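Asker: Residue numbers (this note's numbering), protein chains in the order written: chain A, 1285 to 1523; chain B, -8 to 289.
Hints are all accurate, no fakes.
Pairs of lysine to any residue, SDA-like flavour, derived with a Cα cap of 20 Å: (1) A:Lys1356 / B:Ser184; (2) B:Lys158 / A:Arg1415; (3) A:Lys1364 / B:Arg160; (4) A:Lys1395 / B:Asn181; (5) A:Lys1395 / B:Phe155; (6) A:Lys1364 / B:Ser184; (7) A:Lys1341 / B:Asp171; (8) A:Lys1439 / B:Asn181; (9) A:Lys1395 / B:Arg160; (10) B:Lys158 / A:Arg1394; (11) A:Lys1364 / B:Met161; (12) B:Lys158 / A:Glu1383; (13) A:Lys1341 / B:Arg82; (14) A:Lys1395 / B:Thr159; (15) A:Lys1395 / B:Gly162; (16) A:Lys1356 / B:Asp173; (17) A:Lys1341 / A:Lys1498; (18) A:Lys1361 / B:Gln172; (19) A:Lys1361 / B:Asp171; (20) A:Lys1361 / B:Ser184; (21) B:Lys158 / A:Glu1384; (22) A:Lys1341 / B:Glu86; (23) A:Lys1361 / B:Asn183; (24) A:Lys1364 / B:Gln172; (25) A:Lys1356 / B:Asn181; (26) A:Lys1341 / B:Ala87; (27) A:Lys1416 / B:Arg160; (28) B:Lys158 / A:Thr1381; (29) A:Lys1361 / B:Gly162; (30) A:Lys1482 / A:Thr1504; (31) A:Lys1439 / B:Arg160; (32) A:Lys1416 / B:Gly162; (33) A:Lys1361 / B:Asp173; (34) A:Lys1341 / B:Pro83; (35) B:Lys158 / A:Leu1418; (36) A:Lys1364 / B:Val182; (37) A:Lys1364 / B:Asn183; (38) A:Lys1361 / B:Asn181; (39) A:Lys1395 / B:Met161.
Simulated from the structure, these hints should not be mistaken for lab results. Keep in mind it's a predicted model, so treat the numbers as computed, not measured.
Take a look at the letters that make up each chain.
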Amino acid sequence: MSNDVLFEIKDLEVSYGSITALKGISLKVHKGEIVTILGANGAGKTTTMRTISQLLKAKSGSIMFKGQDLTKIAAHKIVKLGISHSPEGRRVFGILTVEENLMLGAFSQRKLDREVRSWVYELFPRLKERRKQLAGTLSGGEQQMLAIGRALMSKPEMLLLDEPSLGIAPILVKAIFKQIKEIAQSGVTVLLVEQNAKAALKLADRGYVLDVGKIALSGTSEELLASEKIQEAYLGKKH
Amino acid sequence: MDIFLQQLANGLTIGSMYALVALGYTMVYGVMRLINFAHGDMVAASAFVGLTIYTQVMGESASLGAVVLIFLLSAGSMAVVGIILERVAYRPLREAPRLSAVVSALGASLVIQNGIMLIWGPRMRIFPELVPQVYWDLGGVVISLIQVIILLLSLVLMITLYLFVEKTRMGAAIRASSIDQDAARLMGINVNSVIALIFIIGSSLGAIGGLFIGLYYRGITFNMGWQYGLYAFIAAIIGGIGNIPGAMLGGMLLGLFNAFIAGYVSSTWSDAFTFILLILILIVRPTGILGERVAEKV
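Take these sequences, add in the hints, and give me the full structure.
Answerer: Here it is in structure tokens:
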């Protein structure tokens, strides 16, 4: 891991009408890291991700990626810069086939890179088996694999993963997290939002804990795993 | 048997006009979940624009070149009207409640309809004879050159559109945007451009439909957009609104149905029978014939 800051959020504020969802959060991601954002429902995790992708517009603050402020860029141009987003709830194109979904993942590339597709099929062999099947007929876990695979098709430098474990059988969660590690080892920086704190901290280098729109805690995964606050709030251990 | 074949030919002609117009409704609905009520009036406007281009620009020439130009210019001008319509009447309301957009669509419909009346007057106008009156008598069944042209040109346009949507990069962008706009943005698709493109394609196809209506029925009135628009809209629903092949199928089916009702029952009852058909199809298949292939898994 190098010390280059690849991505930095500063004093980010986001609101839905009169409700403030993010009350000035700041965080950094270094090149090659896996960083996780933890927090309960409604803490602002998905809001953070959607604001990075510009599906939501920030009220104030900046999101810097390789010297560019993303808040000044249109949503559909973000992926071209090297940030790819696997959204909450997967959002695969249900009435299109697995293969067509992957093709759309490569939309920003103009030309489909078959090597990347083979890599995605290697990471998730299930997708290859089901490549002619409509995405809507896949199981939740397989849809999650597809969402991640689709995001990889644009050859991102940084991958945003929003709750990849949500509503998925534990055995598949394990498999998916293993492949996220693999993706990170291939050189893709990962920003991972999770409710499953234990699994996320096992995987990540560092973490931030969001609590009602503010960063309540941050540190390396070891520090967070050891912290009493985390243990009480997210790992269900009582002292 | 003669009646059957005659009405089959008539039905296919009317059906291809419905199908062309229905595509505009269904494509806009597919991406925006909005019924563009002004679409039918643009169809009508196109016939009047064609009339004016014929008299004022082409010097009443019906040579092949002039006719092709009339089609291109009418389609082009409706494409421009479509883009303006989207910018002015729909884009500002994209985040607003659904009902606001519906009211805006109805308002836009009235504005265009009254615009036609202001420019061309309230009385029926006769559409120029752009295609020579040639008829073939095939053993009791009479088919006109106009019918052949309408049917063939519509088929070519529909096949082209289908291939464009299924096989090209922009087509993939249209399909993705119609499924999930935010997910499409995450793929790098400019949804605003897709919507503009939808209006360009839908309005041009509708414009050609309007010229066909002028060619086939000859009499054009400022408010005919409501009648033809309604039928095309029903065709889109029958086929499964939002579904492009569905609009083509629905248009053809409705055209044939109307022709057979006119042939075997009475054309006076054609509206009533059309709605009975619509109700029956919606009872059996609420999503239309080709609507919603697969339920989304949550």
